[in-house]
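Peer 1: These are the residues of each chain, in order.
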Amino acid sequence: MVKDHSTENMIAVRDLHKSFGTNHVLQGVNLDVRRGEDMVVIGGSGTGKSVLIKCIIGLIKPDKGTIYVDGQDTTSFNEKELNEMRREFGMLFQFGALFDSMPVWENVGFGLKQHTNLSDDEIRDVVTEKLSLVGLKDVEDLMPSQLSGGMRKRVSLARAIAMAPDILLYDEPTTGLDPIMADVINELIIQLREKLRVTSITITHDMVSAYKIADRIAMLYMGKIIEVGTPEEIRSSRNEIVQQFIQGKSEGPITREQ
Amino acid sequence: MFKLFELVGSTVLRFIEESGKVTVFFFKILMWTFRPPLNFRNILRQTEEVGINSLPVVLIMAIFTGMVLALQSYTGFRRFNAEAFVGTVVALSMVRELGPVLSGLMVSGRVGAGMAAELGTMKVTEQIDALYTLATNPVKYLIVPRFLAALFVMPLLVVFSDIIGIAGGYLVSVKLLGTNPTIYTKRTWDYMELDDIYIGLFKAFIFGMIIAVISCYQGFYTSGGAEGVGKSTTRAVVFSSLVILVSNYFITALMF
Ligand SMILES: Nc1ncnc2c1ncn2[C@@H]1O[C@H](COP(=O)(O)OP(=O)(O)OP(=O)(O)O)[C@@H](O)[C@H]1O
Ligand SMILES: [Mg+2]
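Protein sequences appear in the order of chains A and B.
Heads up, the first sequence is in the working numbering, so the first residue is 2 and it goes up one at a time.
Heads up, the second sequence is in the working numbering, so the first residue is 991 and it goes up one at a time.
What the hints contain is simulated information worked out from the structure, not anything from laboratory work.
Note that the coordinates shown come from a computational prediction; the quantities given were computed from them, not determined experimentally.
Where a beta carbon is used, it is the ideal one built from N, C-alpha and C, also for glycine.
Be aware that a few hints might be false.
What the hints assert, rightly or not - Restraint-style ranges between C-beta atoms, simulated for each label pair:
#	chain 1	residue 1	chain 2	residue 2	range
1	A	Asp-64	B	Met-1245	46 to 54 Å
2	B	Ser-1009	A	Ser-133	48 to 56 Å
3	A	Asn-84	B	Gly-999	35 to 43 Å
4	B	Ile-1042	A	Asp-139	29 to 37 Å
5	B	Thr-1013	A	Leu-143	38 to 46 Å
6	A	Asp-126	B	Ile-1042	48 to 56 Å
7	B	Phe-995	A	Ile-227	34 to 42 Å
8	A	Gln-245	B	Gly-999	50 to 58 Å
Said to hold, decoys possible - Below, a list of computed lysine to aspartate or glutamate pairs in the DMTMM-like style, where the Cα atoms sit at most 25 Å apart:
#	chain 1	residue 1	chain 2	residue 2
9	B	Lys-1018	A	Glu-85
10	A	Lys-62	B	Glu-1007
11	B	Lys-1130	A	Glu-173
12	B	Lys-1011	A	Glu-80
13	A	Lys-62	B	Asp-1119
14	A	Lys-114	B	Glu-1007
15	B	Lys-1221	A	Asp-121
16	B	Lys-1130	A	Glu-82
17	A	Lys-114	B	Asp-1119
18	B	Lys-1018	A	Glu-82
19	B	Lys-1130	A	Asp-101
20	B	Lys-1011	A	Glu-82
21	B	Lys-1130	A	Asp-121
22	B	Lys-1011	A	Asp-101
23	A	Lys-250	B	Glu-1087
24	A	Lys-65	B	Asp-1119
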């Protein structure tokens, strides 16, 4: 224990708390994500998975606890420092969060437009390439309202990876996609990690996807991470809560009302 | 009775709290306005939105206001044979008070509501969060262009509404009521001073600011889904209209 927050961890979350009114969502989360690793976070609906990654990227200010990104405590960052930090990040929102006043290509190319000197033509070329990575073509000039749910999700994913960030946060990347397209996205996430050495956190309910892409899986339950392990370790976990969740049983220690 | 005091008290407190927050928001906007670079494309788009789109309603408002002013003052002035002074009254009222105030009210209904609804929707669908994650400050990117557009377009709209309002008064007086056109025109301009026009334009500038700041504030801090967006939109229109009316009185009183 020379360096608690050794830079082996790209992201380290320590004793993170967040409440909304009386709703104590995060109650002391601890999580380490190693450099170049894909950490999958699973957990029931409403347990605070989205809140957790929003804290990590600085959209939600935690009540207590620290978050280290690349060794730096980001909870004390001011707006300018957060902005700098976010350039290293890409985030896929659970509901897409596409800019509905802009066509697809401007959505995907937004970061490039804001932070590089590329011309519109050059941006469009990059956009076309990123869209093909997520299995889309000839959608550049459509408006988000003209897209199907799954297409929106993939455009949003293309936007998240457009700037080739070092860290990617995926909030349910495969929800709402057909099984084949879901696997295309799984492959893409694996590729990004293997080729570009991206560090990522993926939230998912899709256990097939979780086993496929995860280096390690963490389970969030009652405001804490109750277990972390490789897919194998999770699959053979002795924790009844974990077992109930990954097998999707309605009977067990996790009850409906909590 | 105590209930009533309680209600008044809590309303006043809430009002003070809100005012404080809006003021902080205003300074935030100012700070980002003076931090380069400016996004000219967005400013242009907003100018179009604020200007071109509210021009028709403002012009219709202006011509009918000018016309009714003429009709109304004629009834009084005829009694002491001062019909031609209708021109003076119409012009002064339009330029100093009614042009800016009524344009302000129309624009807050037309543009303020639009700003609050659009920003509110962006807030509840996480588009504003998405801007942050793309390392773009939403105040700079979304609000500053709207603020600048409203600031510069309002005086222009008021110039148009003054001209059309005065023309409306002229039409009614000369064509309908048979006032002598030469004398009417002379009376219109004789008593008009440059200061009257400046006051009107100054008000327009301030009202533009009020509409943009209040409406953007309401939109930007929306919560609670579609219902929340509806509430923010209503609040944007109600508050900016009230603030326009109240501040108009004080500007007039100070410049008296
Ligand atoms: N901005 C907010 N204001 C108030 N409460 C919030 C806010 N964001 C989240 N919550 C609450 O925090 C809890 C966790 O929400 P979160 O969205 O993180 O769940 P989740 O684990 O992502 O669930 P799901 O799998 O359904 O997406 C919920 O009870 C939610 O009501
Ligand atoms: Mg979620």
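Peer 1: For this structure, which hints from the list above don't hold up?
Peer 2: Checked against the structure, the hints that fail are numbers 6, 7, 11, 14, 15, 22, 23, while the rest are satisfied.
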